[in-house]
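> Sequence:
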Amino acid sequence: MAAGIKQRFEQFLHEKNLMTNVLAKIEERTGVSRLYIALAIVGFVAIYLVIGYGASLLCNLIGFAYPAYISIKAIESATKEDDTKWLTYWVVYGVFSVAEFFGDIFLSWFPFYYMGKNESKIDDAFKNISDKATDVADKFKDEG
315 MAAGIKQRFE
325 QFLHEKNLMT
335 NVLAKIEERT
345 GVSRLYIALA
355 IVGFVAIYLV
365 IGYGASLLCN
375 LIGFAYPAYI
385 SIKAIESATK
395 EDDTKWLTYW
405 VVYGVFSVAE
415 FFGDIFLSWF
425 PFYYMGKNES
435 KIDDAFKNIS
445 DKATDVADKF
455 KDEG
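End of the sequence shown = 458 in my numbering, gap-free, step of one.
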């Protein structure tokens, strides 16, 4: 199965489009296989999505802007198959968006859910708790 995925990925990397043309130029200049270049880019983006600044924007661009562009191109094409494919994508995207909206309400009950989602809010909450604990300790110290 992994060999089939690798073969399909390599076939995709040799199709003619803007991205593969850029990869071909980089491969020509560096001598590094376009497969390794593409895997490095995918790996970098994956790591950036986990720890990078503005990862939400990048995630939205990948999940919304690119499919919107390709959907418009699919509508303009003569074939119906690509229209069906991208309509299915938008239905699934909408279902997940609605599910995430309502899922946040329930997932927030689980420990560490907001650690990945709202880390700055957690930091502020811990700071407030720490400040209040310091104030209480100072009161007890002053009274004693």
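Because the hints were derived from the structure by calculation, they are not lab data. A quick note: this is a predicted structure, and the numbers were derived from the prediction, not measured. Some hints could be false.
Derived DSBU-like pairs: lysine-lysine, alpha-carbon spacing no greater than 35 Å straight-line [unchecked claim]:
no., residue 1, residue 2
1, K387, K320
2, K399, K339
3, K330, K399
4, K320, K330
5, K330, K394
6, K320, K446
7, K339, K394
> All hints, please: hold or fail.
Evaluated hints:
no.	hint	result
1	K387 with K320	holds, 27 Å
2	K399 with K339	holds, 31 Å
3	K330 with K399	holds, 21 Å
4	K320 with K330	holds, 18 Å
5	K330 with K394	holds, 22 Å
6	K320 with K446	violated, 56 Å
7	K339 with K394	holds, 33 Å
Comparing the model with each numbered hint stated earlier shows that hint 6 is the single one that does not hold.
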